[in-house]
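A.B. asks: Residue numbers (the numbering used here), protein chains in the order written: chain U, 11 to 385; chain F, 11 to 385.
To be clear, the hints were calculated from the coordinates, so they are not data collected in a lab.
Do not rely on the hints blindly, as some may be mistaken.
Since the list can't tell identical chains apart, any single copy or any two copies may satisfy a pair.
Said to hold, decoys possible - Derived pair list, reagent style DSSO-like, types lysine-lysine, alpha-carbon separation capped at 30 angstroms:
1. K280 - K327
2. K372 - K27
3. K183 - K95
4. K280 - K338
5. K183 - K327
6. K228 - K378
7. K338 - K363
8. K280 - K95
9. K95 - K363
10. K382 - K351
11. K27 - K95
12. K152 - K378
13. K378 - K338
Number of protein chains: 2
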Amino acid sequence: MTNTNIQLTSTINEDNKLTLALENIEMPQPGADEVVIRIEAAPLNPSDLGVLFSAADMTTAIQSGTEESPVITADVPAQFMPSLKTRVGKAIAVGNEGAGTVVTAGSSPAAQALMGKTVAVIGGGTYRQYLCANVQSCLELKEGTTAKEGASSFVNPLTALAMVETMRAEGHKAIIHAAAASNLGQMLNRICIADGIDLINIVRKEEQETLLRDMGAKYIVNSSSESFIADLTAAIIETGATIAFDPIGGGELTSDILNCMEVAAARDMKEHSLYGSDTFKQVYIYGALNRGPITLNRNFGFAWAVNGFLLFNALGKLGTKTVMTMRKRVADEITTTFASKYTHEVSLAEILKLESIAGYSKQATGEKYLIKPQA
Amino acid sequence: MTNTNIQLTSTINEDNKLTLALENIEMPQPGADEVVIRIEAAPLNPSDLGVLFSAADMTTAIQSGTEESPVITADVPAQFMPSLKTRVGKAIAVGNEGAGTVVTAGSSPAAQALMGKTVAVIGGGTYRQYLCANVQSCLELKEGTTAKEGASSFVNPLTALAMVETMRAEGHKAIIHAAAASNLGQMLNRICIADGIDLINIVRKEEQETLLRDMGAKYIVNSSSESFIADLTAAIIETGATIAFDPIGGGELTSDILNCMEVAAARDMKEHSLYGSDTFKQVYIYGALNRGPITLNRNFGFAWAVNGFLLFNALGKLGTKTVMTMRKRVADEITTTFASKYTHEVSLAEILKLESIAGYSKQATGEKYLIKPQA
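All chains, please: the whole structure from these sequences, using the hints.
C.D. replies: Take a look at the structure:
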């Protein structure tokens, strides 16, 4: 173990400035139920970008500091400052998940059992070299799994599994997924193929259709196609999908999905009803790729719901037993069903360089960054 | 008992024409568990208008027939015909509820017990003189209750009670109600005052504020006021309301309600979260006074839901025991808590006159029509 423990922090100050910087913090001492993990790999997820940049206008970003320890500053538009008051003046540690080796363990048997093991970890600011975490936040990886393979064991795998478990718990039988060519979407595809669940993948580019088709996806509809509404309706009729997950939010896609579900449901109605079909139609919005207004053009009766969907709330609803089963499945299948692909590997310092920011802030489908804090 | 049994029907034919007419049907014979009710009073609810006019353009309405038996015809715009195919060519009986005297009863003890009684009834086309109904669809009114007093025992009273019971079942502690000066809104006010529940009434006119204030309402906010958002937020902070019922749907009111709830919830947050507050915020849309798009301007985090709300689905979720208690309360308090006020009383023939249609089709707050099929 070295004497450095570099971590990346994001700070917004009263002067409407965002500062991203590295700092050398103390080496942590674990409590009884805690372990210290040498973080060897951590993914840059969309949710991490939200913490990192917050409401700053990154077109104003300036790089200063040194080559080994760059500092980024950017302006936060004044109108966003009131909503950020709980984080002003605080150096926020960034990084939702990662993986590495347990180098120190607390006195409890659960902590001791992890000593020397490769574990994945959730929470706490993983963009650092050594992280102290409760054993509950750790997932022991199978012998032979590398930190890179296990770095994304929580956010995407558990979200994809939570979608399938939510479908089951709420009595639906097939799923619609929007922005389906994402890393998460690819995982959901593999789960649904393995579990024999019909999944309708909504994409917006031909190459995304090809990607998913090559992975074995059966139902793929392209929202850029002129026949999108007809194609989606036909797929819903064939699969009986009445639940959808949409990371976009803004725009009319959620509305289109509900209307197509209703057209499919109304086909079987013998009697006209003012209130539409009895078939309950559910869309969960789990992201905000489009922050604009969500427009619902209501021709879908009264049996419907649109909900926000957040992983930790969803896990709470599913209950501990289901969640433990989900976690075990992730550990067992981390190199297959739940494998993540990274297009870029960067050090903590490289994350704070303008050319890296220009790359990862695009959130392009198919591009994914892995941070290696020990590099 | 006379030999006539006049009923009002609404028919859409292949020629894109709506026809409203009276017809003399056979006097019904009750089965074992059924009773025949002489309908003496039936309200014209917004949902009845939907069945009556369907998608017809009532500005094209023409009156023909006789003074005693008028006939109304109107054009149905061609684009709506495909969605109406399950009702084309069928004479639909109109009228969701009503009240009257049981004049014939089936052989079962439950049916016999209602003989000669004044009952309220739900379903089956109450805009007629004699209706055969299952005893389950009947609510025996207390001795001395008139048919006029009991005519609106189901739709508004059970909807208002279902809102309160849904609030309780889903763990909320105060309610927001939009378009709150309606007959239903006034009932909800009386229930909430009686049960000690905080209710925030959203209205859009000063005279509606006055009306509700005079009824003892404590929280009234006017959506036409410049300080609406601030007023609503203040009322939410004071009451802790996290559930709302909105009969309007189209426009931005649902969104405004969610955003005000979130501002109220976020006040107490110690730490900044990208995902907004943990406070779950629920809006139920139970009508379609505005059929335009629902626009959600999402600054309310991820813990939220917007659902369609339909009385019969809501009763199903609440369960038989709760519903039986609700029905008993309606019968007990039909002249107080659940009293309806009618501004117009009309015969079946009068409903089919152009001057009446011009009046009741406006759905003006505070105006309500009562049909007297025996007049």
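A.B. asks: Decide, hint by hint, whether the structure agrees.
C.D. replies: A quick look at each hint next to the structure:
1. K280 - K327: Between copies, since 24 angstroms is at most 30 angstroms while 36 angstroms is not.
2. K372 - K27: Close inside one copy (21 angstroms), not across copies (55 angstroms); limit 30 angstroms.
3. K183 - K95: Between copies, since 28 angstroms is at most 30 angstroms while 43 angstroms is not.
4. K280 - K338: For K280 and K338, neither the intra-copy (46 angstroms) nor the inter-copy (33 angstroms) Cα distance is at most 30 angstroms.
5. K183 - K327: Both: 19 angstroms inside a chain and 21 angstroms across chains, each within 30 angstroms.
6. K228 - K378: within (25 angstroms within a copy, 54 angstroms between copies)
7. K338 - K363: neither (37 angstroms within a copy, 70 angstroms between copies)
8. K280 - K95: between (56 angstroms within a copy, 10 angstroms between copies)
9. K95 - K363: Within one copy, since 27 angstroms is at most 30 angstroms while 62 angstroms is not.
10. K382 - K351: Close inside one copy (15 angstroms), not across copies (72 angstroms); limit 30 angstroms.
11. K27 - K95: within (13 angstroms within a copy, 61 angstroms between copies)
12. K152 - K378: within (24 angstroms within a copy, 70 angstroms between copies)
13. K378 - K338: within (25 angstroms within a copy, 61 angstroms between copies)
This entry does not satisfy hints 4 and 7, going by the numbered hints stated previously.
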